[in-house]
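Asker: For this one, chain A is given, so just place chain B on it according to the hints.
From first to last, the protein sequence lines are chains A and B. Numbering that gives the first Met the number 0 numbers the first residue of the first sequence as 0 and each following residue consecutively. Numbering that gives the first Met the number 0 numbers the first residue of the second sequence as 0 and each following residue consecutively.
A portion of the hints provided could be inaccurate.
What the hints assert, rightly or not - Straight-line Cα separation of at most 27 Å, DSSO-like style, residue types lysine-lysine; simulated pairs:
id : chain 1 : residue 1 : chain 2 : residue 2
1  : A       : K113      : B       : K221
2  : B       : K291      : B       : K375
3  : B       : K291      : A       : K1
The set of hints was computed from the structure by calculation and includes no laboratory data.
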Amino acid sequence: MKISDLIVPGVITVFSFIVIYLSLQLDLSPPMIVGDSMQPRAFPIFLMIINLILVGLLTYQFYQSPPDSIPLEPFQTWGSIILLVIFYGMTTGVDFFVAIAVVMFLMCILWGEKRILVALSASLVTPILIFVLFDQVLQIRFPRGLLLDWYYG
Amino acid sequence: MLEALQAMGSVVLDPFLLLLIFATTIIGVVIGVLPGIGATTGAALLLPFTLTMSPVHAITVLSTIYVSATFAGSITAILINTPGTSAAAATTFDGYPLAQRGEAGRALGIAVVSSTVGGIFSVIVLCIAAPMLARVAYHFRPPEYFALTLFGLSMLASISSGGAIKNLIGGVFGVWVSTIGAEPTTGIERFMFGNYDLYEGLSFVPVFIGLFAMSELLVQSKIANQLTSTIGMKAVKLPSREDYKRIWKTILRSCGIGTFIGILPAEGATVASMIGYAEARRWSKNKEEFGKGSIEGIAGAEAANNAATGGAMVPTMVLGIPGSGTTAIILVGLMVHGLRPGPYLFTEQVDKVYQIFGAMILANIMFLVMGLYAAKIFARISLVPISLLWPIVFAFAVVGSYSLSSALMDVWIVLIFGVIGFFARRHGFAVAPIAVGFILGEMVETNLQNSLKMFDGQWWMILTQPLAVLFLVLAVLGLCGPMIFDLLIRRQKHNGDSSNS
Chain A
0 MKISDLIVPG VITVFSFIVI YLSLQLDLSP PMIVGDSMQP RAFPIFLMII
50 NLILVGLLTY QFYQSPPDSI PLEPFQTWGS IILLVIFYGM TTGVDFFVAI
100 AVVMFLMCIL WGEKRILVAL SASLVTPILI FVLFDQVLQI RFPRGLLLDW
150 YYG
Chain B
0 MLEALQAMGS VVLDPFLLLL IFATTIIGVV IGVLPGIGAT TGAALLLPFT
50 LTMSPVHAIT VLSTIYVSAT FAGSITAILI NTPGTSAAAA TTFDGYPLAQ
100 RGEAGRALGI AVVSSTVGGI FSVIVLCIAA PMLARVAYHF RPPEYFALTL
150 FGLSMLASIS SGGAIKNLIG GVFGVWVSTI GAEPTTGIER FMFGNYDLYE
200 GLSFVPVFIG LFAMSELLVQ SKIANQLTST IGMKAVKLPS REDYKRIWKT
250 ILRSCGIGTF IGILPAEGAT VASMIGYAEA RRWSKNKEEF GKGSIEGIAG
300 AEAANNAATG GAMVPTMVLG IPGSGTTAII LVGLMVHGLR PGPYLFTEQV
350 DKVYQIFGAM ILANIMFLVM GLYAAKIFAR ISLVPISLLW PIVFAFAVVG
400 SYSLSSALMD VWIVLIFGVI GFFARRHGFA VAPIAVGFIL GEMVETNLQN
450 SLKMFDGQWW MILTQPLAVL FLVLAVLGLC GPMIFDLLIR RQKHNGDSSN
500 S
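Chain B extracted, bound-state conformation:
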């Protein structure tokens, strides 16, 4: 414990790391306020720049982008009614109406304080829960890992955007993409069509840049000529004593909700903020204020979405299963820098892990300062015309993807997956399930193969392993849960309609 605290404290003594967190927080907030570029796209674009850094510095950059961009989405949500990131969508419900009433500074103050509390709370939970979970995961063998990855994939069914079936189709497609290249055990070439650049499979980064950044570019082209109106603001105001009295319970509740949702594989800040907002409304004494500028609504959504960031890091670091789209990129960052995600990370490189945790706490404090003193300036950045912004993103996307392994093939992969991602989104398929499926694909296949070898080809023996059975049951619940939930809502609606008539 003392060693962990020492490692976390050592972050403060590293001036380069502090400077890096400061600079990355600025970049993260800019990324968060720019239309369409969220934490995931931002992290994917910045990943190539971290290659020359040490592992701790690199992961700090990516996780700082994650927490600061997640918060920054609320700035534009409040001031121009356009969430900078999808996680801030629930903030628009009450943030913008409050800003319209001339209280934009108060709305931003509540958002920034709630986000900071949510973020720090979740990192503390991460510090406590991750080593405990690692101790359990240390005993996992291939059958348990196989069942766990299936559970992770099943959770795709409940991601909010798209439908359960569409998300699962996306996930299966992602898993299939991971089979391109030479099969790891036998070396048999699969779907390479004689192209030996694909021998080691598709790299994560170009696929992610294509799916998130390039497809977003094509989506943004649809609103190229849209104009946005802004609301003026004098300064960000910290919540008053009365405000704190009204929101502290909501913040605490949302911290718990956000962290829990974040820990679930494949769920992220967007789902957390929606649930955080809904629960804030459910427990509020002033329900009538919701949608008209309720400070509890802002606090509920913002505390939950930032609490999800730390929560999502738990399965990412302990199990190697990403908790969200952005953590999928952080996972790639960990692998690129030689930090093998999984329980061994907590025994072999524990000092690095706690340094990363320490840096995440600092990043949360840093965006509190920036949110309070520079939100007004950052809000202006959101007015950069997208006709200039996205061509610049295009240049960074193609050069960044090339720089990873100096291969033009990676650039073509960006273009191809950009178009695939765009058409998928056009037809209501979210791209995050494809990314999560792509990451988990190799884990599923390898662990299934190893399980079969372990049990002499008798696959049903997997069902004799208690933990594996537990994960498989959870996977079934993950698959059927949204459908049962959907059915219950329909039945409730049907009953309501018939009683009205």
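The following block holds chain A by itself, in its conformation from the complex:
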């Protein structure tokens, strides 16, 4: 068993202890409301204790038969995760639909689309069609931003 095999059980263990700690910080409900039932903190703590038992079993399982090593993801995967962060930043800072169009275009290129014009048209036409569908047919109002401020007036 390698040290790297302990990363997953380790992360879950740390997570479980954090949840238990946070649960212990929760307010206590007056006994007249809780009655014969349990405090709101009890259930998450109970869950995390089960989780810790399961992690123990998982570690034992890894000890018995070590898991296969996982190859590192290609740059497209890490790039896509970064694009999700960029999407968050652009939505809050610029505009929801501008963010969708930009991220779509960058994702097409990142994933190997060599026809720039095709990628550009897909990333422009799709958000416009989706906007028309949701705005006109489903009557959804989207968050304001650079473009939608201009559209909504």
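Answerer: Leaving out everything else, chain B in the frame of chain A:
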């Protein structure tokens, strides 16, 4: 009974519903053949579009997507050796070899007929079994519901992908996610970190879109540059008389297996098709043909996976416990549209229930027609480059999740759960247990609290309720079953090795 038949028949007289089933079947088949987008992701993406529809129309859309996408996975499984959905994985074993021999049309014909028979059989079972089960469930009280949800969670141990322990960890995580927000009885805020957008807890739809669609996007990015080769086909051929003679027993057996597996909480079409295929091989007189293009193999897998769709609707509608990932989304659809899943659904809104059943039968017939006449066209759709397809899915996922409650928080939840789902899958944890745990979480906690109140805080009194004990025993079997099974296989292997040496 007559009223039920009338309600089912009324579906045919609703032209809008017929059009909806037709359009949704096309969408479902497209979703099924597109790489990576299965019935679950498709249903999650389409859920926001159903919000303006009537409850019957909305659930019809979701269940049509379910049955048609489950079938459509076989088209790409046979023609390009890539199952469109995981439920069609067993179809590749014999479908693709048969197609390589120049009999792609025959393979698809057998797949479509078997799927239709399996689908219709399971809906008939659903029509008969659901009201009967509802009558029993009508007497359930909190202790029985608590034990039942525990049984549902224990079944996560036996889901095929991931391991039993990993699935249970996923399920526990899902249950914990359901505790975020204000606690229902006391109003105490849990894990909200001062964010009042989370006061009512996380919404089901963004979590599901994140877990299924967004995590799949990240998984697909790994194969962005992969090329697939296709097999040419002239037309889909209906099975010949000789074919029917060889496969009818297999189809019937798989119908039973698929429906039964589907009824079990948390089990789904993938498990059903694998067992259906294995049983087809076990009972076949031509075992040597399996893996080389056996028509019994295709029929066994396809009849079972579509039979599981109707079966999975039984616990979903009667008990509010999802039978699979897609039915978890249908369950959310039922709740969003004011149809409270559970036994009361069969007393208070029985006409709507039978209309949904009728629509499911129509959907099965509709994909039979489409499978026979348009499979060739649909197969071409699977060649859409994923470098264009998935960015479009991304746009639909974020806008769809926003549209549910016009809250950007839901979009962030999609992104967060997409990344969580991706890393979980990277390390061998399936996302379906997280989704099932998330749905059942509130039921477990609320029913445990109500049981404690019922018995003045004496939890052991739950064990005095016969039905609750039955479900708890089943839960223990559900937990230990896979481990015992695993142990038996290892022992058998060990014995085999020692006798060989």
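Asker: For each hint, tell me whether it holds in the structure or not.
Answerer: Hints versus structure:
The hinted pair formed by A/K113 and B/K221 meets the criterion: a straight-line CA distance of about 17 Å does not exceed 27 Å. A distance of roughly 23 Å separates the Cα atoms of B/K291 and B/K375; the hinted pair therefore holds under the 27 Å criterion. The hinted pair formed by B/K291 and A/K1 fails the criterion: a straight-line CA distance of about 40 Å is larger than 27 Å.
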